[in-house]
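Colleague: Line by line, the protein sequences are chains A and B. The opening residue of the first sequence carries number 0 in numbering that gives the first Met the number 0; numbering runs sequentially from there. The opening residue of the second sequence carries number 0 in numbering that gives the first Met the number 0; numbering runs sequentially from there.
DSS-like mimics (lysine-lysine), calculated; alpha carbons at most 25 Å apart, straight line:
1. Lys346(B) x Lys285(A)
2. Lys287(A) x Lys132(B)
3. Lys285(B) x Lys342(A)
4. Lys342(A) x Lys287(B)
5. Lys287(B) x Lys346(A)
6. Lys132(B) x Lys263(A)
7. Lys346(A) x Lys342(B)
8. Lys39(B) x Lys62(B)
9. Lys346(B) x Lys346(A)
10. Lys285(A) x Lys342(B)
11. Lys285(A) x Lys132(B)
12. Lys254(A) x Lys346(A)
13. Lys238(A) x Lys321(A)
14. Lys325(A) x Lys234(A)
Derived CB-CB ranges, DEER-like:
15. Asp228(A) x Gln281(B): 48 to 56 Å
16. Glu318(B) x Leu250(A): 51 to 59 Å
17. Val41(B) x Asp107(A): 53 to 61 Å
18. Asp264(B) x Asp228(A): 46 to 54 Å
19. Ala323(B) x Asp264(A): 33 to 41 Å
What the hints contain is simulated information worked out from the structure, not anything from laboratory work. Ideal Cβ positions, reconstructed from N, Cα and C, are used throughout, including at glycine.
Spelled out, the chains give:
2 protein chains.
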Amino acid sequence: MSSDEFRPLNENSLVEYIKATPALSSKLGDVSQLDNLQIKEVGDGNLNFVFIVTGPSGSVVIKQALPYMRCIGESWPMTKERAYFEATALKEEARLCPNHVPEVYHFDRVAQFCGNVELCRLTEQVVFSDPYKVSEYNRWTSPYLDKDAEAVREDNILKLEVAQLKSTFCERAQALIHGDYHTGSVMVTQDSTQLIDPEFAFYGPMGFDVGAFLGNLFLAYFSQDGHVDHENDRKTYKKWILRTVAETWNLFHEKFTALWDEHKDGPGEAYLPAIYNTPELQQLVKQKFMNDLFHDTLGFGAAKMIRRIVGVAHVEDFESIKDAGKRADCERRALDFAKMLLKERRKFQEITEADMVPEQRGGYPSTGQCCSLSGQ
Amino acid sequence: MSSDEFRPLNENSLVEYIKATPALSSKLGDVSQLDNLQIKEVGDGNLNFVFIVTGPSGSVVIKQALPYMRCIGESWPMTKERAYFEATALKEEARLCPNHVPEVYHFDRVAQFCGNVELCRLTEQVVFSDPYKVSEYNRWTSPYLDKDAEAVREDNILKLEVAQLKSTFCERAQALIHGDYHTGSVMVTQDSTQLIDPEFAFYGPMGFDVGAFLGNLFLAYFSQDGHVDHENDRKTYKKWILRTVAETWNLFHEKFTALWDEHKDGPGEAYLPAIYNTPELQQLVKQKFMNDLFHDTLGFGAAKMIRRIVGVAHVEDFESIKDAGKRADCERRALDFAKMLLKERRKFQEITEADMVPEQRGGYPSTGQCCSLSGQ
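One chain only, chain A, in its complex shape:
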């Protein structure tokens, strides 16, 4: 179907669609009640429409993949087949972890299985390419960050490192990853944590997921100064964000290595117990693996930060700072930190607040790019 033939759902056509789809209508109420559904379009993402539909006996979320980028329009075509990968990933994730992903009631598609090429290509472009070149899609807080965006495009060392991350992203089929694991893909209440939106799912490098999450936390951190007012200096919240960064990595590290230990005599073939046959050697390979993964994580996290400041799609944390000058100051600090992290990532060994984050004195292993951050 070409994008000409494609119709975005509206309230009327959505009700018709639900009536014709028992897997959905049965969740909402009797047939007689379906004319009084409450419908709210809540999609604030860059790609899709998302409707919350509430009926007398329950509610469903309906997500429609458009054949183009929602935030750009029909001039940037985009396969609707991404919904297939999203549904397939959700089902696989639900098999492994049923409590933390939404249940798929219904999926509507016509397609054969293929590699998730187009969504990977989108990531390649918007994360690893566009921010480092002149692109009609790039935007930033102008004119304040004009020089900063230009500096990104002219930083040879940065571009060298980004080339390596890009090839790792394209080539390294390390695990089934989410592919767009920013904080907005995690929905939490006190009792429930749900991971959503895996339409970018593919076999890629693990650090891309973990890094995206940490990168978004750092963005949130750097945006806080722009939200300070007389009632709230946000210092406590900033500390909490940094603690969450450290806890996220440390808990991931702890759980991952615990699973490794638990399954070390299992059917996995990467580290055969007959080869890695002493506790000391097992410790060594685990350390090396986690160390490499940590550096991947920092690199990808930093790349995701950069692209949210000078690339096509930004984050609400900064966007909601009304004063452009103030916003630019926050973004600049985030950008400088990300550039440092991307270039110097191999020097970091642990994600402690003192080592990693700005506003902690003398923590950086490199003296060059980091000075401007230490004193912010």
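Following the hints, put chain B in place on chain A, whose structure we already have.
Modeller: This is chain B only, laid out in the frame that chain A set:
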């Protein structure tokens, strides 16, 4: 088809098969002439049967994939589907490089497309696992190399490095590679160079192919002292082998980077000209790429050497040395060199004879493992 139902071809059944297959019989002669074909089984590989069939008007090579490893027997089952990957790779290679791969006249199979999992798994086992653990399939020149084989199994640093190479082999879909690119897969005359046997073909790391070839040249080099006699001290030949090692890498480097330059404004997306937009930066990314590829090449080459000395499948270069003690001496020198190369590969920057190879004074960047080699 289970291996019970499977019949290895013999001369009689082969003639029947050819008669029933016009794509083959038409190459050999008239139907009336097909009872006087000359048939020779020439497969000296580890996996398959290979027949050269000659008739009045021409000849064909027929290769039969057995449902098990030829060199081990039915106790090591092996998918016949490998022939599918071989035929598919040959056709793709012939499309790109018609002068240097054999033409596929006919391919006989029933299967659907799938990942070349089983052959990759075989490589994982025989190259990256078995040599580093006790395995019923391993063999070596015993008792001479008993201690050496044990030392390989107890070398933690070596096993740490092998784990990384193994994960790179499994995860890094860098290019369509041959997968078993030893010197026996290259057939040469003065006028013709043919690359054969791509049944291990998959999307993997380039260094695995280049390294396999260099590793086999090094094995040939180290075997020469075992073949010395009064008439030939083999010194000239040894020098030629080393020169060929250096020329192979240097020529590969030269051609690869020339193609890079030639296509730098082409449709490839790895190094967009809009990002890598100065000659200096283009030079930098190329250098970094080639440097990483060089280290991959040395690592994989070394791993392939080790497995040919203490793993399941050996090379004729050593096997043909009748005197076991003399053979063991040659193999030990090769093994020690390979261990050094695998562990110290990141210290090498260029493949010059002085830097790389034994018998050149003071060429090694590391003083530890290499001393015993310098004076051989």
